[in-house]
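Asks: Here is how the chains run, residue by residue.
Number of protein chains: 2
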Amino acid sequence: MSKHVWTARPDRILRAGEGFRLDAVDAGATPGFAGDKAVARKQLAVRSQLLGDLQERLYAGSRTGEATDAVLLVLQAMDTAGKGGIVRHVVGGVDPQGIELAAFKAPTEEELKHDFLWRIENRLPAPGFIGVFDRSHYEDVLIARVHGLADGREIERRYDAIEAFERRLTESGTRIVKVMLHISRDEQKERLMERLDRPDKHWKYSPGDVDERLRWDDYMAAYQAALERTSTPDAPWHVVPSDHKWYARLVVQELLIAALEDIDSQWPQADFDVAAERKRLVAS
Amino acid sequence: MSKHVWTARPDRILRAGEGFRLDAVDAGATPGFAGDKAVARKQLAVRSQLLGDLQERLYAGSRTGEATDAVLLVLQAMDTAGKGGIVRHVVGGVDPQGIELAAFKAPTEEELKHDFLWRIENRLPAPGFIGVFDRSHYEDVLIARVHGLADGREIERRYDAIEAFERRLTESGTRIVKVMLHISRDEQKERLMERLDRPDKHWKYSPGDVDERLRWDDYMAAYQAALERTSTPDAPWHVVPSDHKWYARLVVQELLIAALEDIDSQWPQADFDVAAERKRLVAS
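Listed in order, the protein sequences are those of chains A and B. Residues in the first sequence are numbered from 11 upward in steps of one, following this note's numbering. Residues in the second sequence are numbered from 11 upward in steps of one, following this note's numbering.
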């Protein structure tokens with residue numbers, strides 16, 4: 011935490027706790043951050059160094075077999091909220107060798123034959139790695155609820171299954187950083203319009219985006235329910251105001267830093283005789 | 011190509027062609043580059059923008075289903091030559107979402123039951139992606155030859171198999187960029203010594219590194235043979251002098267840029283009615 015730019019720890023003030031109300035969040039605010047966009051840009055670069063250093067310590071343990079901990083960043087958001095920018099500008103600042111990135115699209119036929127957590131399990135980060143989920147098992151209680159792909163009873167079962175699943179993960183050493191990037195309905199309209207206005211952005215647009223947008227209130231209700239049911243002390247949700255992309259990126263960076271500082275990986279000890287190896291090397 | 015810093019195209023002058031002799035390469039040279047380390051650092055940042063832009067065009071096609079081409083960067087080198095630095099500082103400059111990174115270690119029991127190209131096939135980049143192989147199928151004609159894990163006849167079979175395999179890949183749209191990072195024996199000694207001197211680098215050291223170093227000449231002979239047998243017009247090898255890390259990074263960046271410029275991806279055309287979507291969006 012750089013105290014001069016933050017007036018409060020984002021991992022605390024953005025946590026969805028008891029009585030959390032999504033409709034009370036101002037997506038255009040920048041809570042806890044004392045600077046502007048220019049300050050944020052510098053801050054992102056400065057903190058990227060620290061994030062990279064912490065990640066290297068974590069990764070080092072994976073090479074020597076000592077690592078027991080991992081980090082899992084779960085990104086959920088309405089379209090255009092900036093998941094891709096987080097991956098590029100925050101995650102992209104650390105060594106790609108230590109990152110396991112999984113983008114979950116509509117499930118395949120094979121995936122649908124299994125329980126909804128099966129494909130998730132297959133993509134969990136190994137000890138020493140930072141896993142990044144671009145969408146996740148939460149789609150199965152969000153889009154599934156909004157489109158009625160599962161009935162209320164099944165959705166309830168899934169909340170419970172997710173809680174048990176995430177408890178197992180945290181107990182076995184994975185820090186789960188759950189992030190909802192929260193944009194306003196107006197901001198989404200502007201961003202979608204930009205994709206329509208620019209031919210080099212057409213590939214990012216799909217008519218389905220407006221279909222989903224028309225269900226905005228249903229999505230917010232589904233998010234509210236999911237946040238209530240699955241924001242646990244060990245795997246809390248963070249709802250990040252994201253109309254300002256620079257703010258959301260800084261926050262997610264700080265959340266990752268906090269998770270890695272909590273793990274507090276130390277450099278692995280040499281399991282060989284350093285002096286003897288030095289002699290062998292000199293003679294080689 | 012930025013003409014003011016390069017006096018010759020690195021993809022041309024570093025190509026291992028007819029009559030190539032590895033022992034004639036000066037690992038400490040910086041052929042074709044007119045600047046020093048400081049210039050190189052700036053150049054890397056500037057060209058990273060272009061690399062990222064080209065990669066985004068390639069990736070866009072994967073999202074719309076139009077992409078038919080991919081890039082595969084194959085990195086081979088003696089220990090400490092800088093593969094990791096290439097991944098971090100060159101590949102790390104582009105959007106992680108478009109990268110498929112595979113680090114090949116000693117084969118598992120299951121992998122050994124299959125032909126040596128089986129595990130390679132499984133990790134090939136999909137159209138629209140840049141695949142990066144940190145070590146590769148070439149280990150099966152390098153370490154395998156040096157340690158006698160396969161006899162001469164089997165090694166010959168593998169050269170032919172690799173040539174046929176890579177021809178199939180290039181014919182189906184993959185640009186294969188094969189890079190040997192070439193360091194001198196003295197430089198390797200210095201880099202290994204640094205790993206022994208610094209406790210935060212011990213995890214990167216293994217006593218086996220000196221064992222392999224003692225077979226230096228055998229490795230150079232194995233590389234020479236592999237370069238002769240598998241540097242084809244469609245999938246040529248580039249031997250990159252790598253005692254100066256900054257030079258090697260710039261070169262690999264240029265090789266990737268050249269491959270992407272060769273593909274010359276265009277932004278996908280909208281497959282929807284832009285005006286109609288604009289109306290729908292405004293009304294939403």
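In short, the hints are calculated from the structure, not lab data. Please note that a few of the clues may not be correct.
A pair counts as met if it fits within one copy or between any two copies, since identical chains are not told apart.
[As the list claims (entries may be wrong)] Below, simulated SDA-like cross-link-like pairs (lysine to any residue); rule was C-alpha separation at most 25 Å, straight line: (1) K123 to L111; (2) K199 to R290; (3) K211 to E164; (4) K211 to T78.
In this text, all values refer to a predicted model and were calculated from it rather than measured experimentally.
Asks: Now, for every hint given, state plainly whether the structure supports it.
Replies: Structure-based check of all given hints:
Taking CA atoms no more than 25 Å apart as the test, K123 paired with L111 passes inside one copy only; the shortest distance there is 23 Å, against 29 Å between copies. For a Cα distance limit of 25 Å, the shortest separation of K199 from R290 across copies, 11 Å, qualifies, whereas the shortest one inside one copy, 65 Å, does not. When the C-alpha separation of K211 and E164 is checked against a cutoff of 25 Å, the pair qualifies neither within a copy, at 37 Å, nor between copies, at 50 Å. In this assembly of identical chains, the alpha carbons of K211 and T78 lie at most 25 Å apart only when taken from different copies (20 Å versus 41 Å within one copy).
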